[in-house]
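A.B. asks: As a plain string of letters, each chain reads:
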Amino acid sequence: MRKFLLVSALCLLHFSVAWAQERSITGRVTATEDGSPLPGVNIVVKGTTTGTVSDAEGSYRLSVPESATTLIFSFIGLVTQEVEIAGRSVIDLPMSQDVTQLNEVVVTSMNIAREKKALGYSVETVSGNKISQVAEPDPLRALTGKVPGVNIISSSGAPGSSTRITIRGNTSLLNNNQPLFVVDGIPYNNDYVTTEGTNTNTGGLTAGGAFSSRISDLDPNDIKSMTILKGANAAALYGARAANGVIVITTKSGSAGASKKGLEVTYSGTFGIEKIANLPNFQNSYGTGTNFAYAQANGSWGAPFIGSRPYAALDSIPHWYAGRPGMGEFDGVKVPYRAYPNNVKDFFETGQIFENSISISGGNEKSAISVTLSQLNQTGFVPETEFKRHNISVGGKTVLANGLIIGGNLAYTRSVQRGVLSGAPSATSGDPSAFARTLYFGRNWDVQGQPYQNPVDLGSEFFVGRDQVNNPYWAVENSGIRSTVDRYVAAFNASYDIKDWLNLTYRIGLNGYTQNTYEFQRPNGAGAPLGSITQVDVFADEINSDLIATVTKDINENFSLRALAGWNVNQRTNNTQSVNGVGYVVFDIDQMTNVNAVTPNPNSGYSRRRLYGFYGDINLGYKDWAFIELMARNDWSSTLPVKNRSFFYPAINGSIMLNEALGMQAGLINSIKVRAGWASVGNDTSPYLLSTVFVVNDFDNVTNNSAGRPFTPAGGATIPTAGQNAVLADPNLKPEMTTEIEAGFDVRLWNDRIGVNFTYYDKESKDQIAQISLPEETGYQAQLTNFGTVSNKGVEIGIDVTPIKLENGLTWTITGAYTRNRNEVVSLRDGVNEIQFGSGFGGSVSSVHRPGQPYGQLLGTVDARDEDGNLLIDPSNGQLIRALDPQIIGNPNPDYILGITNTISFKGFTLSALWDLRQGGDLFSTTVNSMLGRGVLAYQGDREGNAIIDGVYGNPETFEPYLDDSDNVIPNQTMIEVNSLYFGESFGVNSADEWAVFDATTYRLREASLTYLLPKSILSRTPFGAVSIGVVGRNLWNYSPNFPKDLNYDPETNQFGARNVQGIEYSTTPSARRFSVTLRATF
Amino acid sequence: MKSKFSKILVVFSIIGLMGCGKDFLDINEDPNNPTDVSLELLLPSVQLDMAGAMGTSGGGLSQITMSYMHQIVQRNNQNDYGVQGVDFGVTAPWLTLYTRSLADIETIIKKSEEQEAYPYLGMALAMKAYCYSILVDIWGDVPFSQANKAPEILLPVYDLGENIYPQLIDMLDDAIENLEKESIFEVEEEDLIYGGDPDLWIQFANSLKLKMYNQMREVDDVSAEVTALLTENNFISVGTEDFQLTYGTSVGPDNRNPGYVQEWAPGTANYYVSPYFYEIMANLNTFDHPDYGGRIGATGVSDPRIPYYFYNQIAEVSADDSPENPCSYCYGYVDPNTDAFIVQVPELGGTGMVAIWPFSLDIDPNEGFAQGASQTVLGLYPLGGKYDDGEGGAASFDGNPQIPQRMLTFYSQKFTEAELYLTNVATGDDALALRDGMRAAFAKVNEFATIAGAPTISTATRDTYINAVLADYNDPATTDEERLEHIITQKWIASFGFGVDAYTDYRRTGFPYIFDGNTDDLNFTVRTKEFPNAFPWPTNNLASNGNAPAQKVITSEDAKPFWME
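Note that the protein sequences, when read in sequence, are chains A and B.
Per my numbering, the very first residue in the first sequence carries number 12; after that it's consecutive.
Per my numbering, the very first residue in the second sequence carries number 2; after that it's consecutive.
One chain only, chain B, in its complex shape:
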């Protein structure tokens, strides 16, 4: 009996303790994810995130800024400058830049310093400077000195924009220095922007410096620095050297231009073309207001870039082919109540332009209606849609999804030079720089047209337009203020698809003339809010950071970035 007890007891004990060896609990190494990765894996990730954060999709900075700059209209708050710190267009770019691009940039900087991987270090520093310059331009004061230092610093302070900018210039010098160094590290196609070419990166760094000096010119004397840079003249010098990211065509994983993915899904476009932007390019003025369009109206020439910018899903609005619902900005529509064709905007003739008004949210009687199958959508140039051959047809993922996201371009370099010459920060031929800028802008359109297999704009057509602008520019009766307006307006038109710098330029210079819902002749466009001097900070980050300032009133003096007068 006794032995039976012990036998059972032993069996119980053995099975009870079974499997509890010494290493029983040492199984907590993550089998799924690495804790360290190589530089060549990090670099492309940084670039994809950065381009996305700048871009035209709902989570990119261009979304709200293009709206503010009246290039596009959307049916939501920003239609009336009413952006809040919870809006996706505010929170998403901040998140992407800080937790993805800049976080990985910091890892690259740390690893490449250890490994003496100078090309990676140079590129990372250049991109860091670029990202922070945009953060300052959009938000004013942002975390910089204590950012991306977790876990040591969990509540970073916000630095003044004016203190950040000079450090970025130094950072660009540091970047150039590293890019010039010899290294056993070779960067190739994992650099999605420049294929690893350090010379192109140095050109980009110089162009970025010039752009930043130009933005500071109203608050700082930057003549010496600008002149030195211009003398060295090592800038982005042709459109193929632009700081831009060319997308892919794969849908799984989705490598397409994120703006294209959003806007060219069948019938689901979020963006309407701003009638104001369209009318300036088409040389119309249906608002019957002399100020609209500013100096550009004086040229009297329709812009040949229109079919590259906008795509009409309806070839020509007519009694036979009208929008699916009453529309607010189109030639006309068939009224389902009476079957009559109602002419809405006679000046549009039979064009297929179908859009809505800015400043009309909840007021425009026709605004509540779907126009998914008939609205004009953003075309080839801004986000990789289709060239408008005038035949119509529904947008249905049949565009050019690889079209790049532009960030810093040759044309903007030239327009910046023109501005610096005109304002006597440096000495040079402003009209020539303006001409080159416009030529570069047309060349950019033609570059994309070639990718898409679309017809290109002929030099003659281009020059007709450019000469008309230059004629007014060079007219002795034209003031320097009006000349600056020409430069910025051309930059604004060329920028379509990248709204960030246009928003900055407007706040600096007051140009281009933008639409005002209160002074047009339309009774359903009412502007109730002032123009925002900056984006509100993302609300959730203010709440989780005890060192963050209180949210600012975005229309106040305090909200102005330091470079605003």
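Pulled out of the complex, with its shape left as it was, chain A reads as follows:
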């Protein structure tokens, strides 16, 4: 980190030196930690402008007037020290790092390094080490719990599966809500490509593969730092896409700089294992069936096993495969009727992570080069799942003789993902998911001991018929998803100081990928009896250039100016081609050449968009303690109508260092910064949305009731068709606008032992460009137009405390990150009370926006209640009564997120643990629903009795409670079997959706690590500069108090991956627990 600061400081600091030759002081400035020299330290005589800077060896020589008594040593990122001269002529000074983050330099908009105190908005930086240390192949997940204001949720525990990140809530009703990623100044595409196409933010699902999102192409080992620009203010200069915040990533290769050693090599190697994080506690007393009688069923409600109950008598059952075609050897065979307690556990494997990375950097003052080579090989805990990533990054820069600095970098990444089909509504038939029954196997199923493949047709054989689900062993082997991505980044930059106060920089970069993805199901399985393949090929690239002029000038003693003007040109191209193949010819060739019929997929197409913009930024500083910044940008976008093509958006922010302004003495209070800002960000839309189109040979599989196109009648010629698209276009679209106010303070107390950052923000997005549902009787399902307002208000608090800091080096620090966001869909359009999106997958639950309510509520079926909220009970069967209309059954948005990291370091050892709490937020879970309904949980082993559902008798026709003679409701007294609590109109399978919704509050030990930095004394006789070894555990423990007991369920999951649909889970892959060892060495 310090090296980075030094380099940044050299470009940043400008000061004048006055020479008053009286007497001379020399010395050397070194780092407290390792005694290395500190170049660039600013040394001034207190009360004067007389000063100098330490050289590359940390040495300095300064002439001071006789009257001088004190020297001030300062450097960004280090604790400023005042040293009494006291007649000395040699003053050597060890300087230590300043934990006061305020003085740190951060990389902000347009890759410009800035002093944090000059920023009127909240910015968070996470160093690359923190990201690569935690054995988390996904760089985003490594941020979880560490940054206030950021909400990160992973889709599943499958290797490579996507991660969703939102900053300060969801702003866009139906479009992208994820931040813009900028890597080394070039936007980095984070598309989420599934076999349905690209970025279908509102769509449903196909067979539910856990696809990756494209930020996973980024090599964590090459990341130098990540800066999170949370607000619209921080992001104003990045233009339209920054409305959701920006994550600015600086890579090692993209920021090659001179090393003090000339050549530095860093090796990092990780070996890790991963297992399924949690398994339910199962009952092993009853096998499949109903009403205490055995049957070949899904639910374990059948006869008790011998020994588990005194009356148990059944000791053998017909073989599950008896009578099946091709499985004649099982006809008439009997098998023991007993529990297989580990049949779920044994399905899961131990996954492995191997990661190796080597970084080489070197150079001199003129030229520098940096190379990172990495490979990652991850196998998941689910059989046949895998994620591989290979990365080569090269970057360099040089200063030409004429003073022109040119640099460039190239990065190539190949990511390969293998996954299984996961997630499915377990209640419907024909389910190809590998998890369709896996977490709730019948307790008497000998899953591991029986064949899973039919020897004749090679199809799936399972304990219940092929019509329902696949054997998971067959499913992982004979169906799944495959994805190969080639990512390439190339960038060039040039910089020139025309005057010492005027710099011109140009940067152009290409960031592109090609992705080949397919999802396949071999024939004779549950989902696609004929066999099917869906293939998607994506070619996407983005070219971005910026020309920036920067002015840095101290106007006079009191005022400093920093200003820039820029010109940005951006072009994005996407070509997605997708086809479906039906009907395998040979069983195990997963290629389009091996199918009987191939049809194009409607998601195919080519698109290109362009944008250019002018932007400016003026930052005025007063006496180094007051700052005000004005920003503005005007964009012209190809995607908007010509008359609305140009749009302008300004921003303003300011900050004051109160302690300096008020001349407070350093003491209890080290620093107080107050900041505030207002910003607006405009946004364009996707290409080709201005006219309503027809779709040629369209087969709308949403309606699921029409024959495909083109149409060939029996015995006739092929007839092409076309039909109107379901989305009505608006030729008069105008740009959408987000405005945000934020205010906050940063306080450091008690000798920097306590620090608090507080930010309040209020963000409003209006005139959103999105598809608003039209009543279908208009002829369209939706109109793409400007409408609606979404508000997000929230509080972010960051705290760091150092309770113990002893002379012997023992340090204990606590850092906390608190995120609380309240969002509200303020309005839609007059006459529109609701927008539904993201239903599908056969489930009746969908996400809806309703005015006055939070974003993306869950809408689903409910049971009827009386006015007092008592459940109505049908007297004829003692069960619940389904209400007519669906209602809001859950809010997936968490109340708040809290992450607390405790770090204790002592003599090279560092022990760290991150606890987090996600309070509130609802999850609709079919996994939970199915486990209850299938009767497999340990507590459900206690079932020999009856139950009465708490409620009052009601009329299933009128939904009114029955009243007794004195007009009182009549409490339910109808006894039902315990079984019936979980099946039918009660609380398990087939019940109303509301009973599958749970509060997802989760306490979690997200990561714990112990690292040891070998002492210099040991290394001094080796070629190594530094060696550290670390042990990391991730997702070690979690507890969700509001889920039924024995489930041990981890609700941190989301079926819809990186999409806006949140809080819905259909038997997806469970989460992983991981342990790893990392060795890091520099030499």
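Hints in this document: simulated from the structure, not taken from any laboratory.
You may find that some hints are simply not true.
[What the hints assert, rightly or not] The calculated lysine-lysine pairs, modelled on BS3-like cross-linking and capped at a C-alpha distance of 30 Å, are:
| # | chain 1 | residue 1 | chain 2 | residue 2 |
| --- | --- | --- | --- | --- |
| 1 | A | 345 | A | 356 |
| 2 | A | 345 | A | 286 |
| 3 | A | 377 | A | 510 |
| 4 | B | 150 | A | 654 |
| 5 | A | 777 | B | 561 |
| 6 | A | 745 | A | 654 |
| 7 | A | 745 | B | 150 |
| 8 | B | 561 | B | 150 |
Keep in mind the model is a prediction, meaning the values are calculated, not measured.
With chain A held as given, fit chain B onto it using these hints.
C.D. replies: Frame of chain A, contents of chain B only:
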């Protein structure tokens, strides 16, 4: 030094502004999709969507209506008349009709008026009238006058069904007028229903008018109009002229009958055969209740259409070949707990019929079990399955996927005529029309049997059945009410595979007698809900349309379509 500055400055400026020519931003024309297409591309799309919306797949109107009419049983809400406005069977047909069929019909009407393409205009008007007549029949009040007028009207009002119907009659007259006009436009095979023959379209329009008048007869005096139509006598007059869409056999793109695709994938059938429907056709009465089956029980003859209607995956249920799990409606099963063969419904003998009871959701002790490999599935006639030759064998996409989706047929024309004669709306021989209707219904079965290469029903076998029905019909002791029951019951049986009109007929006439879970002798069939007078409106459309009415209680008086008394 100075020149070096400017050189660099110039280079920066040039590359910075590179590529920003005058047309730099003018690239927003959609290269992927057309903004205008020809009539011949739109017409087949309209027809495929319309047939799908009427059909037997989960997203077709026949799904729920066949369930309501106790032809099929499903393990879900509609098993107990419990349909909601979020159910797929409600939302999907509405979506398909309004955003696909009717949207494209409006485009055809607009374009063909401009281009004077009269045949297209006539067909589009006829189909529009047909679609709206079904919308009114199913939902009662629906958007009509302001529908399909976006972007001008984004929140269409709902019109009263009684106001819509007369406009549809006018629309059909308009359609006929255009179909009679000379035009340079020739419609051929892109008309998937009639191959472009305007005469057949005119016949269809007349038959549709007669059907609509018949449905209005209880609330309107339609004698004059009906008599005029009958006098003109230009109706669908043979089964090959039926308003139906014949599917294809291609699987990619999937051109097969959508009901077949859903029900004949190996072991994944959603529909069970209703035991009630089966028992009426098989002339059984295991419920031991005299009312069941109504007049049809009096004929005492088993229906020869059974093997064309239902397909038994197990040839004969026996101790050696029983369903994979305990079943609720079958001859018997082997109990895995005791290995004993448990006889369940002795009257079924050894037939392979395996089904479940209606009104038994969550009550029937055996209902939770998979019967995918053993259940009886819908056969050749309703959705293109296989003729049941009695040999058994698992359903596995080995049927006849091209079998048409029927919408308006010759047999229903005849049954409608019989009803009009019987009720004295017009003068004619009701018994003869009933006979012709039944003959047409058998002919339809034989037509499909021929496509499938299956044996056909002989005239003698057919007549044995028809004569038994007619004997009771013509019996002087039989009342007119009972005669109407015969007509509607025969129409109901013939309608298997298209449930929409049967649901309408039942609500109009109260026939056929349908199953009641509360009055049979089965303790695990409990009906808790009343019969719905209409479908609920799709909930999502009510929410997005400020001009939509509040959701109706589907069992209430208000929910009744205008033609219900």
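A.B. asks: Can you list which hints this structure breaks, lowest number first?
C.D. replies: Hint check: 2 and 5 fail, others pass.
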